[in-house]
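Below are the chains, spelled out letter by letter.
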Amino acid sequence: MKQRPIRWSVYVGLMPAILIVVFAYLGTMIWTVGISFTDSRMLPAARFAGVNQYIRLFATDRWLTSIQNMVMFGVLMIGISLVLGFLLAVAIDQRVRAEGVLRTVILYPYAMSFIVTGLVWQWILNPTLGIEKTVRGWGFESFRFDWIVGQDTAIYCVVLAGVWHAAGLVMAIMLAGLRGIDPDLWKASRIDGIKPWRFYLHIVIPVLRPSFISATVLLSLGVVKLYDLVLVLTGGGPGFSSDVPAKFVMDYLFQRQNIGLATAAATTLLVTVLCVLTPWLYAEYFRRQTPKG
Amino acid sequence: MTTHHTSEGPSGPAPRRIGPARLGIYAFLLISALFFLLPLYVMLVTSVKPMAEIREGGLFALPSAVTFEPWIRAWSSACTGLDCRGISPGFWISVKILIPSVIASILIGAITGYALSFWRARGANLLFAALLLGAFLPYQVFIYPLVRIYSATGLFSTIYALVLTHVIFGLPVMTLLFRNYYAGIPIDLFKAARVDGGKFFSIFFRLMLPMSIPMLVVAVILQVTGIWNDFIMGLTFGGLANRPMTVQLTNLVAPTEGEIAYNVNMAATIMTAAVPLIIYFISGRWFVRGIAAGAVKG
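Those protein sequences? They're chains A and B, same order as listed. Read left to right, the first sequence gives residues 1 to 293 (my numbering). Read left to right, the second sequence gives residues 1 to 298 (my numbering).
Errors might be hidden in some of the hints.
[As the list claims (entries may be wrong)] Once the Cα atoms are required to be at most 20 Å apart in a straight line, the calculated SDA-like pairs of lysine to any residue come out as: (1) A:Lys-225 / B:Val-147; (2) A:Lys-225 / B:Gly-226; (3) A:Lys-195 / B:Ile-25; (4) B:Lys-191 / A:Arg-7; (5) A:Lys-133 / B:Gly-24; (6) A:Lys-133 / B:Tyr-41; (7) A:Lys-133 / B:Glu-53; (8) A:Lys-195 / B:Glu-56; (9) A:Lys-133 / B:Ala-61; (10) A:Lys-225 / B:Ala-130.
[What the hints assert, rightly or not] Residues of chain A placed beyond 12 Å of chain B at every Cβ, according to the derived structure: (11) Arg-56; (12) Ile-106; (13) Asp-152; (14) His-202; (15) Pro-238; (16) Glu-284.
Simulated from the structure, these hints should not be mistaken for lab results. Given the structure is predicted, the values throughout are model-derived calculations rather than measurements. Just so it is clear, CB atoms sit at the ideal spot from N, CA and C, and this is done for glycine as well.
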């Protein structure tokens, strides 16, 4: 244990963080949760309304669709990004030529904003402008690729853009993991004559468990916060078929002026994230703290 | 955040000869590279085509006549509603938001990380836990009360509101970054500074901050990219007066009456992506380090 004396200047130094946590995080959070138990609509009202807003929320089709979309987007985007990112990392790790160029090309989307990502994919996927128009121009008159305007398929376009944005991140994390594997392990497997694919499946993937976990955590952060991408890519449409919870909250706060319902939705998101997060954060940061000092 | 590379080079089995497996690997990498490059290619190519060519040839054909007129229009004369000043006002507003936000958020994060790793304060664990939660919770939980607070204090739609917001939501990751970095600095160094009579702030500014240059570089990369790419904060708190470039871009490309000028729109999009892209290409491995450091690891 470090010898750490108490000094008042420490609290001065911590003051910005304390103020931010108390007012900007906890204060606003309690405020939001509070509003969700009132019958506020356009303006906040003080009348207590119990769980009425929550009952109304879960009777709202658009909310149920948005939750469904978030889960679907989360599972598909994370799953595909992990597989693609891992395969890319393994491929790059095979002493290929132009490794630096490949890494740069695969990771650059991660530096772009969701706004830029959404806009450019919206142009490419637009049937009257992008891929469909081009392939038809080549003479395949009956070619169809209009997912972005389909009720059931628009969300897959969001997944596609999400994977494009995030796969490079997974690749970078996995490549760092692969380069960290003990070289003796490779030598041993070669001497034993283990087939490369078996070696990757049974030894490399279990060894890279921490890399998979941090990649998954990073990607899931984006899933709950998913807003900008949907806004510019599909606008949540057609109708509200590709809506997501974050966009639902923003629309009901600022356009539909129904803050009671919006805060109930935000609170539902909050509780969901807390339930998933608390055990993990505890395990990650506080259980192992003692030996570190 | 330490580099735990035991071997710098690739660790896969050495190729013996060019076989089908080798060709397969190259084919996979090539197709993937094309997939990742496609949007950049589309934007670059379309932004230098005249509209007539886009109408006929679509997005993927190479331009037969290159024109930079769309770039000039996107920067200085494209219209958003009645405002015909292009995307440039948004660029300057983003710069005005970016510089103070980056400095303030990094400084506060560094001090907090320093205090948490070297000094004893009551409730430090609680503070750290609350900060971690702040990193994960969706912004939608905080946004409405913040709008009310900013309106009540007259901060709404000012640069200050946006700077403050970026400090608030940048704090968790910045704190984590510096806390992890300082955890790797030998405690004896700190003790020696204490014995020499160093106080909280003097040790921070004279000893720790100069030692943190690598982490400062990583923090600057993370924050510049993150704040420049922000949309939701700018949209919510910037009002009409202080719309950052990302928000102005979405207004600029919103469909209006008449033909959509895709070339102008794509030129404006490239300009908006330029700052983080330049940072990415210049910083190279540092960018990857930033990701790994931000990867919320204990």
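Hint check results:
no.: 1; hint: A:Lys-225 / B:Val-147; verdict: holds, 18 Å
no.: 2; hint: A:Lys-225 / B:Gly-226; verdict: holds, 14 Å
no.: 3; hint: A:Lys-195 / B:Ile-25; verdict: holds, 16 Å
no.: 4; hint: B:Lys-191 / A:Arg-7; verdict: holds, 15 Å
no.: 5; hint: A:Lys-133 / B:Gly-24; verdict: violated, 31 Å
no.: 6; hint: A:Lys-133 / B:Tyr-41; verdict: holds, 17 Å
no.: 7; hint: A:Lys-133 / B:Glu-53; verdict: holds, 14 Å
no.: 8; hint: A:Lys-195 / B:Glu-56; verdict: violated, 52 Å
no.: 9; hint: A:Lys-133 / B:Ala-61; verdict: holds, 12 Å
no.: 10; hint: A:Lys-225 / B:Ala-130; verdict: holds, 19 Å
no.: 11; hint: Arg-56; verdict: holds, 18 Å
no.: 12; hint: Ile-106; verdict: violated, 5 Å
no.: 13; hint: Asp-152; verdict: holds, 24 Å
no.: 14; hint: His-202; verdict: holds, 16 Å
no.: 15; hint: Pro-238; verdict: holds, 15 Å
no.: 16; hint: Glu-284; verdict: violated, 5 Å
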